[in-house]
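Based on the provided sequences and hints, a complete structural model is requested.
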Amino acid sequence: MDNQFKQEDIQDKFLKDILSKNIKKEKTSDNFTKKTMNLVMQEWVDNPVEIETPRHGYKFWILTGIFIVIASAIYLATDTRKMITMSDIEWLKSFDKNYLVYIHSFFSTIANSFLDIPVIIYVVLAGLLALFFADKLLQKTHSTYSFLFV
Amino acid sequence: MDKDSIYIYKIKQGDITVFSELIEKYKDMAFNIAFQITRNREDAEEVAQDSFVKVYQSINNFKNESKFSTWLYSIVYNTAISKTRKKKLETVDIDNQYHSIEDTQNSINSLKASEQKEYINYALDSLSPEDRAIVSLYYIDDKSISDIVEITSVSESNVKVKLYRARKVMYSKLESILKEDVKSIL
Chain A
16 MDNQFKQEDI QDKFLKDILS KNIKKEKTSD NFTKKTMNLV MQEWVDNPVE IETPRHGYKF
76 WILTGIFIVI ASAIYLATDT RKMITMSDIE WLKSFDKNYL VYIHSFFSTI ANSFLDIPVI
136 IYVVLAGLLA LFFADKLLQK THSTYSFLFV
Chain B
52 MDKDSIYIYK IKQGDITVFS ELIEKYKDMA FNIAFQITRN REDAEEVAQD SFVKVYQSIN
112 NFKNESKFST WLYSIVYNTA ISKTRKKKLE TVDIDNQYHS IEDTQNSINS LKASEQKEYI
172 NYALDSLSPE DRAIVSLYYI DDKSISDIVE ITSVSESNVK VKLYRARKVM YSKLESILKE
232 DVKSIL
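So the sequence lines, in the order shown, correspond to chains A and B. Positions in the first sequence are counted from 1; adding 15 to them yields our numbering. Positions in the second sequence are counted from 1; adding 51 to them yields our numbering.
These are computed hints drawn from the structure, not numbers from a lab. All C-beta atoms in this analysis are idealised placements derived from N, C-alpha and C, irrespective of residue type, glycine included. Worth double-checking, as some hints may not be accurate.
[As the list claims (entries may be wrong)] Selected chain A positions facing chain B (in silico; Cβ < 10 Å):
{"#": "1", "residue": "26"}
{"#": "2", "residue": "33"}
{"#": "3", "residue": "34"}
{"#": "4", "residue": "39"}
{"#": "5", "residue": "40"}
{"#": "6", "residue": "47"}
[To be verified] Capping the alpha-carbon separation at 20 Å, the derived lysine to aspartate or glutamate pairs in EDC-like fashion look like this:
{"#": "7", "chain 1": "A", "residue 1": "49", "chain 2": "B", "residue 2": "75"}
{"#": "8", "chain 1": "A", "residue 1": "36", "chain 2": "B", "residue 2": "176"}
{"#": "9", "chain 1": "B", "residue 1": "76", "chain 2": "A", "residue 2": "41"}
{"#": "10", "chain 1": "B", "residue 1": "138", "chain 2": "B", "residue 2": "181"}
{"#": "11", "chain 1": "B", "residue 1": "105", "chain 2": "B", "residue 2": "116"}
{"#": "12", "chain 1": "B", "residue 1": "63", "chain 2": "A", "residue 2": "61"}
{"#": "13", "chain 1": "B", "residue 1": "138", "chain 2": "B", "residue 2": "93"}
{"#": "14", "chain 1": "B", "residue 1": "168", "chain 2": "A", "residue 2": "41"}
{"#": "15", "chain 1": "B", "residue 1": "76", "chain 2": "B", "residue 2": "101"}
{"#": "16", "chain 1": "B", "residue 1": "114", "chain 2": "B", "residue 2": "53"}
{"#": "17", "chain 1": "A", "residue 1": "36", "chain 2": "B", "residue 2": "169"}
{"#": "18", "chain 1": "B", "residue 1": "137", "chain 2": "B", "residue 2": "176"}
{"#": "19", "chain 1": "B", "residue 1": "211", "chain 2": "B", "residue 2": "201"}
{"#": "20", "chain 1": "A", "residue 1": "42", "chain 2": "B", "residue 2": "193"}
{"#": "21", "chain 1": "A", "residue 1": "28", "chain 2": "B", "residue 2": "192"}
{"#": "22", "chain 1": "B", "residue 1": "211", "chain 2": "B", "residue 2": "193"}
{"#": "23", "chain 1": "B", "residue 1": "219", "chain 2": "A", "residue 2": "32"}
{"#": "24", "chain 1": "A", "residue 1": "31", "chain 2": "B", "residue 2": "193"}
{"#": "25", "chain 1": "B", "residue 1": "219", "chain 2": "B", "residue 2": "207"}
{"#": "26", "chain 1": "B", "residue 1": "105", "chain 2": "B", "residue 2": "72"}
{"#": "27", "chain 1": "A", "residue 1": "50", "chain 2": "B", "residue 2": "75"}
{"#": "28", "chain 1": "A", "residue 1": "36", "chain 2": "B", "residue 2": "192"}
{"#": "29", "chain 1": "B", "residue 1": "134", "chain 2": "B", "residue 2": "97"}
{"#": "30", "chain 1": "A", "residue 1": "42", "chain 2": "B", "residue 2": "169"}
{"#": "31", "chain 1": "B", "residue 1": "105", "chain 2": "B", "residue 2": "93"}
{"#": "32", "chain 1": "B", "residue 1": "134", "chain 2": "B", "residue 2": "176"}
{"#": "33", "chain 1": "A", "residue 1": "151", "chain 2": "B", "residue 2": "116"}
{"#": "34", "chain 1": "A", "residue 1": "31", "chain 2": "B", "residue 2": "176"}
{"#": "35", "chain 1": "A", "residue 1": "36", "chain 2": "B", "residue 2": "79"}
{"#": "36", "chain 1": "B", "residue 1": "224", "chain 2": "A", "residue 2": "24"}
{"#": "37", "chain 1": "A", "residue 1": "39", "chain 2": "B", "residue 2": "169"}
{"#": "38", "chain 1": "A", "residue 1": "97", "chain 2": "A", "residue 2": "111"}
{"#": "39", "chain 1": "B", "residue 1": "105", "chain 2": "A", "residue 2": "61"}
{"#": "40", "chain 1": "A", "residue 1": "50", "chain 2": "B", "residue 2": "79"}
Quick look at the structure:
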């Protein structure tokens, strides 16, 4: 077994040595760049690369995330309605009377209707969402080499 | 940010002229790998050109997750393999017709040749285009096994097996041609 490994090692070194010594690097023809650029330009005229302009940068998403987390934490951890009705601030009281009461009742109705939906529906939805995101993730991973699958 | 990433960023922003910098930088590398697979200068040049056009077409898919050179290698490799397969289909009759003549000529040439280079090319020619590409990437371009896996999409164990077999084939070819020369080198 050792002998076999030794032999393979010798062959490996021998080939490495003999190939690197004898195979010279080939050069393209003189006008290769020009010819290739012409082809690329032709392609550019036919199908220009779409300029990537992200709609929102990562900072936007981070700030939105932080806002949602803080808002949810305040909403879940405190009795916001009670706090507002007990407040002494005049403008907040009038704002509550004119707008917040209606918004609160609207969201309460939606929240109550969600509570009526059977748990199995949520389980199925969670499963579908997990599959969707897993698919997105896989697509993203393979997108760099997508030309191989064409 | 390395130079390639800057070039790619500019191309993605619509500055197509920068593409010539990428061509200039990688043209010989692309041509060499294509030449090792096709064994023909004209075909290799065509493969290299097509590969650069494919790079442009899918530049938005390149996400800097791997090196640009590795990505380009994989495009050149696949384009060259497709080209050899197509060519094999187109010329199958002609090949069969002149096979014996070509074989004889090769044998005569290799018998008369005194340079190692000719022997090596003969040994390389005995490999399939896929195996030749792997040998070339490993022994000539000094690519690691993991790089080859990424370029060729062949599994790691398969790359190792192909290298092992190619080594055996090449070595036995060289041994049979060179005979005493190989023994004296060893």
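So, going through the hints one by one against the coordinates:
1. With its C-beta approaching chain B no nearer than about 5 Å, residue 26(A) sits inside the 10 Å limit, and its interface hint holds.
2. For the restraint placing residue 33(A) at the interface with chain B, the shortest Cβ-Cβ distance is roughly 6 Å, inside the 10 Å limit, so the hint holds.
3. Hint status for residue 34(A): holds, given a least beta-carbon distance of 4 Å to chain B, under 10 Å.
4. Annotation: residue 39(A) was flagged as interfacial toward chain B, and the flag holds, the nearest CB pair being 8 Å apart, inside 10 Å.
5. Restraint check, residue 40(A) versus chain B: the minimum CB separation of about 6 Å is within 10 Å; hint holds.
6. The interface hint given for residue 47(A) holds, since its Cβ lies 6 Å from the closest Cβ of chain B, which is under the 10 Å cut-off.
7. The straight-line distance between the Cα atoms of residue 49(A) and residue 75(B) is roughly 10 Å, inside the 20 Å bound, and the hint therefore holds.
8. The hinted pair formed by residue 36(A) and residue 176(B) meets the criterion: a straight-line CA distance of about 17 Å does not exceed 20 Å.
9. A C-alpha spacing of about 14 Å is found between residue 76(B) and residue 41(A), which places the hinted pair at or below 20 Å, so the restraint holds.
10. As the CA atoms of residue 138(B) and residue 181(B) are separated by approximately 15 Å, the hinted pair is consistent with the 20 Å bound.
11. Pair hint residue 105(B) plus residue 116(B) holds up; C-alpha atoms about 18 Å apart against a cutoff of 20 Å.
12. Proposed proximity of residue 63(B) and residue 61(A) is supported: the alpha carbons are some 16 Å apart, at most 20 Å.
13. At most 20 Å may separate the alpha-carbon atoms for a hinted pair to count; residue 138(B) and residue 93(B) meet this at roughly 13 Å.
14. At roughly 14 Å between alpha-carbon atoms, residue 168(B) and residue 41(A) fall within 20 Å of each other, so this suggested pair holds.
15. Between residue 76(B) and residue 101(B) the alpha-carbon distance is near 16 Å, which keeps this suggested pair within the 20 Å criterion.
16. Taking the CA atoms of residue 114(B) and residue 53(B), the gap is about 14 Å. The hint holds against a cut of 20 Å.
17. Taking the CA atoms of residue 36(A) and residue 169(B), the gap is about 12 Å. The hint holds against a cut of 20 Å.
18. Of the supplied pair hints, the one linking residue 137(B) and residue 176(B) holds, its CA atoms being roughly 18 Å apart against a limit of 20 Å.
19. For the hint linking residue 211(B) to residue 201(B), the alpha-carbon distance of about 14 Å falls within 20 Å, and the restraint holds.
20. A distance of roughly 18 Å separates the Cα atoms of residue 42(A) and residue 193(B); the hinted pair therefore holds under the 20 Å criterion.
21. Our distance criterion of 20 Å between C-alpha atoms is met by residue 28(A) and residue 192(B), whose separation comes to about 15 Å.
22. Taken as a hint, the residue 211(B) and residue 193(B) pair is honoured in the structure, with Cα atoms around 15 Å apart against an allowance of 20 Å.
23. The hinted pair formed by residue 219(B) and residue 32(A) meets the criterion: a straight-line CA distance of about 16 Å does not exceed 20 Å.
24. Between residue 31(A) and residue 193(B) the CA atoms are separated by roughly 9 Å; this keeps the pair inside 20 Å, and the hint holds.
25. Of the pairs offered as hints, the one joining residue 219(B) and residue 207(B) holds, with about 18 Å between alpha carbons and a cut-off of 20 Å not exceeded.
26. Simply put, residue 105(B) and residue 72(B) have alpha-carbon atoms about 16 Å apart, close enough for the 20 Å limit, and the pair holds.
27. Pair hint residue 50(A) plus residue 75(B) holds up; C-alpha atoms about 12 Å apart against a cutoff of 20 Å.
28. A hinted pair counts as satisfied when its Cα atoms are at most 20 Å apart, and residue 36(A) with residue 192(B) qualifies at roughly 12 Å.
29. Proposed proximity of residue 134(B) and residue 97(B) is supported: the alpha carbons are some 9 Å apart, at most 20 Å.
30. As the CA atoms of residue 42(A) and residue 169(B) are separated by approximately 19 Å, the hinted pair is consistent with the 20 Å bound.
31. With a C-alpha separation of about 18 Å, the suggested pair residue 105(B) and residue 93(B) falls inside the 20 Å cut-off, and the hint holds.
32. Using a Cα cut-off of 20 Å, the hinted pair residue 134(B) and residue 176(B) holds, with the two alpha carbons roughly 16 Å apart.
33. The straight-line distance between the Cα atoms of residue 151(A) and residue 116(B) is roughly 17 Å, inside the 20 Å bound, and the hint therefore holds.
34. The straight-line distance between the Cα atoms of residue 31(A) and residue 176(B) is roughly 17 Å, inside the 20 Å bound, and the hint therefore holds.
35. As the CA atoms of residue 36(A) and residue 79(B) are separated by approximately 18 Å, the hinted pair is consistent with the 20 Å bound.
36. For a cut-off of 20 Å, the pair hint linking residue 224(B) to residue 24(A) stands: about 18 Å separates their Cα positions.
37. For a cut-off of 20 Å, the pair hint linking residue 39(A) to residue 169(B) stands: about 12 Å separates their Cα positions.
38. Restraint check for residue 97(A) and residue 111(A): satisfied, since their Cα atoms lie roughly 11 Å apart, inside the 20 Å limit.
39. Of the supplied pair hints, the one linking residue 105(B) and residue 61(A) holds, its CA atoms being roughly 14 Å apart against a limit of 20 Å.
40. Only pairs whose Cα atoms come within 20 Å are accepted, and residue 50(A) paired with residue 79(B) is accepted, the gap being roughly 14 Å.
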